[in-house]
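Can you build the whole structure from these sequences, using the hints too?
So the chains spell out like this:
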Amino acid sequence: MAEPDALIQTVHDIVQRHGGMPTRLLQILREAQDSLTWLSPETLDAVAGKLGVSPDKVRSVAEFYSFLYTAPRGSYDILFSDNITDRMLGNRELLHALCDRLGVGIGETRADGVVTVGTTSCTGMCDQGPAALVNGYALTRLDPPRLDRIVELVNGQIPLTQWPREFFEVVSNIRRADILLGRHFADGAALRAVLKRGPEAILEELVKSGLRGQGGAGFRSGAKWVSCRNAPGEVKYVVCNADEGEPGTFKDRVLMQDFADLVFEGMTLCGRVIGARQGFVYLRGEYRYLLDALKATLQRRREAGLLGAAILGDPTFNFDIDIHLGAGAYVCGEESALIESLEGKHGVPRIRPPFPTTHGYLNQPTVVNNVETFATAAKIAVEGGAWFANRGTAESKGTKLLSLSGDCKRPGIYEYPFGVTVRRVLDDCGARDAQGIQMAGPAGHMISAKQFDRRICFEDLATGGSFMVFDQSRDILDGIRNFTHFFVHESCGFCTPCRVGTSLMRDLVTKVHTGHGTRYDLEEMRKLGRIMRVACHCGLGQTAPNPVLDSLDQFPESWERRLRSTAFEPAFDLDAALEQARQLTGRSDPGAYLREEELMLGTMP
Amino acid sequence: MIESKLKIATCSLAGCFGCHMSLLDLDERLFELAERVELDRSPLTDIKELGECDLGLIEGGVCNAENVHVLMEFRARCKILVAIGACALNGGVPAMRNQYDLKDCLEESYLRGIGLVNPQIPNDPEIPLLLNQVHPLHEVVKIDYFLPGCPPSADAIWTFVNQLLSGQPLALPYTQIHYD
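Protein chains in written order, with our numbering: chain A, 72 to 676; chain B, 2 to 181.
It is possible that some hints are incorrect.
Unchecked claim - Below 27 Å or equal to it, Euclidean Cα-Cα: the simulated DSSO-like pairs (lysine-lysine) are: (1) B:K143 x A:K598; (2) A:K598 x B:K80; (3) A:K582 x A:K598; (4) B:K143 x A:K582; (5) A:K267 x A:K279; (6) B:K6 x B:K143; (7) B:K49 x B:K6; (8) B:K49 x B:K80; (9) A:K416 x A:K366.
Since the hints were derived computationally from the structure, they do not count as laboratory data.
Structure below.
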């Protein structure tokens, strides 16, 4: 660990670099950890002192985020992505093999302090898994030979910068392009359009286009921008939600990697339309590898007069963008939790209303849109609302990016006009033998082959873009159990129905999955699911029971064949619970046993 | 036409009979109840063999082998089975022994206690064998309804039994299920 003076100096420099602003707390803690490998109590106290906030507040933030460590970690911190799609690709075997080879337990740090190996939620590399993070940087396409090399690199303590570059290669896998990914876009075209035609005209086009939030919620973007533009307030903000945490979704990663200019242009356009001078990209921590390139893009745009002061030479057009890095918290994908996190707090969703359009970042009017929404808005500003509304269905205009993964020949990004059938998508990606699809991630819906003629649009199957295919060889319950673990990990703990409900649901699913369940347990799951849907504070808890409830309806046979009996089963082994007393008393009379055949189990309802 | 009375059975497992005392606190309402129901096995009737019943009320958790047998018999013979009181719902006071090993509990009581004559752990087959932990009812059989309280007040029991017997939706006023 650093010497006390050195530690204070390091913290001092980092806090200085962030202007001593408490809103930068999360960024400060990330950087402090990068320098010092973990956040010791001394580090947290130093940060609190320099920022002038209470040590408890700093601690609460440090303890909230998965990627902030308040206990020592290895110099190499390896986290395997543990989404069901990684599991389909054999990540568990690789994880166990790596732990064996390195001589470290899962979730533990090796005694010499060199390496920690654990798991984390989906890292968004589902089309090129099994994936992992090493010190926050994405590793893709892990296989036994790569693992062998990693063992050597770790044991040889080779710096990350000297690891083979191909280990970190992230490909885009764009398989089908339509109006968003397919057509050329000249940088600055949307900004010229708004300067030429004025914000009102652009807003009109946006409303006419019918564009809806592409993160999945589907709120009409035009209405959101109008509401924020009209909201009273001198200072307004634009926030791009790039906290793409829904397992199985990776289209925003591809947009940020290949189309960052288009996204930034959409944000800048929004800034002009609503009257904001500052924008933020909230980039999920798992996409840390994109940060340097994104900063370079922002700098290039400043130099080209597309960002910063006097954009395109207009002294009234000032707008800049800052990138905030998340730290492993799914709940921060919810817009009000994201804003809390941007303000340097732990990410607990706010009570809405008021909505961010009137009370967002620092309680000022704020537009929060998904990455894909900003990119699309930039195109609409150039091509017009009618051009966009030409595609899609009555209520879902334009196109949608789908992230395909799981059991298909060609996983990757597919752009379709809204209204495409599930069957068409399956044909295109080479999923010949699909049993079911988890649509829109664990929080979305699971559908079976009977529903493959349904259409992807807000009128039928709404989605943020996750599309995970399970073929006939898969046990649907493996996926469901994986998802229940995900929600337990990601529940922020603020409200009881979610904090307790997600754990109870995991326990019930595990009971059935391991062959101890009964029909009564299935009924309990339905009851619990209904309570969570109405009682949880935010969307995370409300949607957490979806995969369980859907699969009970869509795949009843997957559940029923696991049931031990259709009657109630005790939660523990009755006779084994007498063993200790038998030994203490030395009894072996008939009354000293609870034999199943003598109990009245069979007659119970 | 003479309407047949509904049959109710009650028992106390690992409990203190406090819930039964609360039942007796119904006072004069007991007469009204007696007109509508017939008590089967219950500490109040001293009937030993449980018959087919409409409703079973159980206080206390499950601490020994006999409790398991009695509970399962109730489950098999009662159409509706209700866990009454904190011990039935959560294990309650008897479950405080769960944080100790059974061996330590028995030795503390029967070997190391002050003033013991001829100390030994009882092993007579007449005495039900203890489970290593005390469990709430729902971990052993399916429970249809849970009435919390230590004990639930006579009013709460009255509301609950009346609503149940008359087929109304169960809804207890807040005053009957708050404990502060």
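Each hint tested on the structure:
In summary, the hint linking B:K143 to A:K598 is supported, as the alpha carbons are separated by about 15 Å, within the 27 Å threshold. With a C-alpha separation of about 21 Å, the suggested pairing of A:K598 with B:K80 holds against the 27 Å cut-off. Of the supplied pair hints, the one linking A:K582 and A:K598 holds, its CA atoms being roughly 16 Å apart against a limit of 27 Å. For the hint linking B:K143 to A:K582, the alpha-carbon distance of about 16 Å falls within 27 Å, and the restraint holds.
At roughly 19 Å between alpha-carbon atoms, A:K267 and A:K279 fall within 27 Å of each other, so this suggested pair holds. A distance of roughly 25 Å separates the Cα atoms of B:K6 and B:K143; the hinted pair therefore holds under the 27 Å criterion. Distance check on the hinted pair: B:K49 and B:K6 sit about 20 Å apart at the alpha-carbon level, within 27 Å; holds. Between B:K49 and B:K80, the direct Cα distance comes to roughly 19 Å. Compliance with the 27 Å bound is thereby established for this hinted pair.
Simply put, A:K416 and A:K366 have alpha-carbon atoms about 24 Å apart, close enough for the 27 Å limit, and the pair holds.
Hint check: no violations occur; every hint is consistent with the structure.
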